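Undergrad: Next come the chains, spelled out residue by residue.
2 protein chains.
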Amino acid sequence: MLSNEVKQKLITIVTEKNFDDSKIERLVYSYDATPNFQSMPDAVISPRNSEEISDILKICNQYGVPIVPRGSGTNLCAGTCPTEGGIVLLFKHMNKILEIDEENLTVTVQPGVITLDMIHAIEEKGLFYPPDPSSMKISTIGGNINENSGGLRGLKYGVTRDYVMGLEVVLPNGDIIRTGGKLAKDVAGYDLTRLFVGSEGTLGVITEATLKLIPMPETRKTMLALYQDLSAAARSVSKIIANKIIPTTLEFLDQATLKVVEDYAQIGLPTDVQAVLLIEQDGPPEVVERDIKKIAEVCKLENAVSIQIAATEEEAMALTTARRAALSAVARLAPTTILEDATVPRSEIANMVKAINEITEKYQLTICTFGHAGDGNLHPTCATDARNHDEMERVEKAFAEIFEKAIELGGTITGEHGVGAMKAPYLEWKLKKEGIAAMMGIKQAFDPNNIMNPGKVFAKDSKKRVVITR
Amino acid sequence: MLSNEVKQKLITIVTEKNFDDSKIERLVYSYDATPNFQSMPDAVISPRNSEEISDILKICNQYGVPIVPRGSGTNLCAGTCPTEGGIVLLFKHMNKILEIDEENLTVTVQPGVITLDMIHAIEEKGLFYPPDPSSMKISTIGGNINENSGGLRGLKYGVTRDYVMGLEVVLPNGDIIRTGGKLAKDVAGYDLTRLFVGSEGTLGVITEATLKLIPMPETRKTMLALYQDLSAAARSVSKIIANKIIPTTLEFLDQATLKVVEDYAQIGLPTDVQAVLLIEQDGPPEVVERDIKKIAEVCKLENAVSIQIAATEEEAMALTTARRAALSAVARLAPTTILEDATVPRSEIANMVKAINEITEKYQLTICTFGHAGDGNLHPTCATDARNHDEMERVEKAFAEIFEKAIELGGTITGEHGVGAMKAPYLEWKLKKEGIAAMMGIKQAFDPNNIMNPGKVFAKDSKKRVVITR
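Here the protein sequences line up with chains F and E, keeping their order.
The numbers in numbering that gives the first Met the number 0 rise by one with no breaks, and the one at position 423 of the first sequence is 422.
The numbers in numbering that gives the first Met the number 0 rise by one with no breaks, and the one at position 402 of the second sequence is 401.
Check the hints yourself; a few may be wrong.
Same chains, same names: a pair is fine if it fits in one copy or spans any two.
Claimed, not checked - Straight line, CA to CA, 27 Å or less: simulated BS3-like cross-link-like pairs of lysine-lysine: (1) K243 <-> K124; (2) K292 <-> K124; (3) K211 <-> K293; (4) K361 <-> K211.
Read the hints as simulated data drawn from the structure, not as lab findings.
Bear in mind the structure is a predicted one, so any value in this text is a computation, not a measurement.
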């Protein structure tokens, strides 16, 4: 609970209208898109500019009040769940596109801009912002930056981090700093820009961002390759890239996913095959044509049972939509959906998918696996019921084994969803004690009183590593 | 001077053969490629592996001995000059290419590998590592990572930072950490990988790196556009990119540079024009052909007086070599060459070149300007004589005004050369007190005893900002 003194000070900063500690508002912001996490904040605050945020942080720092910056709360790691109470900070007044600079190919935005709104504004100028997280229709760009969001185009174009050129950040001590700028090259000091990208609101509040844009690809083509053999699909992924083709999108859906997606979207997807690759290439028409042809050859050589190239933009759209609908489709199977994103080097995709299937069987669960095969970022997704404690225990054990396996294969516990509260206990598996200590040093340097999104990234206790037996 | 105790402990770690405190060896490593900086180290040490480096750092940390990791010392910011004495650490035993992974498109190397040797090994496999700092024939990849080196292809392909996927680093406390991996997507914790890139050896010793590779572009074309008007050349740069073409290389040479380069290289460069753009595009043949044609049209529209497209690979090579020879050519003019790299958003190139010319005239100096126009990274290069104190004072004033102007135009004091000792006093101009304080917090978290390359990046005193009058 906030003391009356703190409450009055905060109201003085943002005015009565932008401070809300009603039960209903607190309830609304007590959870995010992550299943099984809920915790009431003490208040919800909506500052109008960086200076107000600076004043708010000074108060929080002085009184030790936790503060959780929140975009649309679409993250899947409980990154914006106020697990230790305190204040949820919203950006509803800081949601403007400040500038699209066509000479320097940059866009400058406030954090509250909806990702897709920004993308539409950019595309109107014939420019392109590649990161396309599945939540882009509702996610904010501030949230994307804090989580370093990925998406379907990561293989060819990289992730959010690769497009952030400069930031304005308010630090816990109230300092407002600017990092980077409209500069392709800038080595003046440590790379604070990228330190903040993906820091999940634990180091400061991002209040403005300058993002890199690129010219819009001229054209795009989409194809499906069907397989009766999972390893053949995985092998195709490696072979395409070893053939020196980097497709925009190289998505994988297993049979379980295909079935639920078709059931949900009814677009004529094949459900009698073991796996599907959804492949997209963009660029100049000659190059796209040639690449798609070569990709089809590789897939055939790797025993694809059928290859379909979308004839029209609508057909292509339908295929992409099917992939994008995977999560929603799986979510219909059971009350609780847990979407994970263990990631491996792409050469290990076949081994990883095989391990996921074995683990699923071992624990008698329903896990559909789909994801960004081209960048090794898989999304094993479990349809379960949080009220079934016995099953939830098995789910947790299964995912622990999946993370363990990913790390064993040279991978990571999270490719694009973030650590938040959910993955924090597993982070040490990837980074070791020494890596966590290095990160903790940075956290303490920026936020000695631990007011910024406490309880995230750094776990109170690390889980013991399991031993995978097979 | 090292105490006998420290010396004996270090020898125990690396053996007598790999420890040298002879006067001649210390002299050799008392300076790097930066004019006007020299300082004797106490010893030079050549460890054979990460474990030895860990033991060395523990000793340095315990006894407060400065340690300066050094590749080939080609940096231009006195980044590897042992300004506070201590130990220079060499990587001559850690210079192996450990793996080229054709499935995951990565190369894993030790820091002492010569950049061009690595590039040749990669190109043999039909793969491409784009960063091409001018010093690549002698620079090491470890040095490139520590300085976040750029090069001629930065516009299209980015800089070293954009290709570092994972690192092994020894921290000042002796901890050995691993960051990232062969993963296109990895959000497990803070981005330590990119924090170390460009940290100039002030946070730890990089002992291994995994770098991203891309397929080799199929073909390449080179052209020259000549201008009688500087602003027309600068305008062409912006227009090409506003036309949604991102060339691989978009280099600018002013008349002063053209004259000295032609005098030096004798390859028939025009010396009667005010400016030249050297433009290169790579990619699939159809695209290169089309882009070069379109670029030529833009240049003509912007009053290029002549456009030459290289007919053969040899002709193209000669043009690129001319650009690469610019520094050596200018260096022949006078005993001391000071190469700067003030950088601006590319839309401000014309303003920046104009300002450089005015400042040159004001201080009566010889400054040739060339550089990476496409990414706004200019290299105003002064031919002077360090023994002429009066002139050197004017040089310093001129460069201070150049930095001031760059920042005024939204730019930075260094695009690719680093801060080191040379730019440290100016860093606050770019980052403000608050930005420096944030960086200092990180430095102290990693290196509380300030043993890692002390005297670099963080200045004892910041220069007062000048007021530009015109």
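Undergrad: Hints first: check each against the structure and report whether it holds.
TA: Hint check:
Taking the shortest alpha-carbon separations for K243 and K124, only the inter-copy value of 11 Å comes in at or below 27 Å, while the best intra-copy value is 31 Å. Taking identical chains as interchangeable, the C-alpha atoms of K292 and K124 lie at most 27 Å apart only when they sit on different chains, with a minimum of 23 Å there against 31 Å within one chain. Taking CA atoms no more than 27 Å apart as the test, K211 paired with K293 passes between copies only; the shortest distance there is 23 Å, against 31 Å inside one copy. Taking identical chains as interchangeable, the C-alpha atoms of K361 and K211 are never at most 27 Å apart, the minima being 46 Å within one chain and 36 Å between chains.
Of the hints listed earlier, the one the structure fails to meet is number 4.
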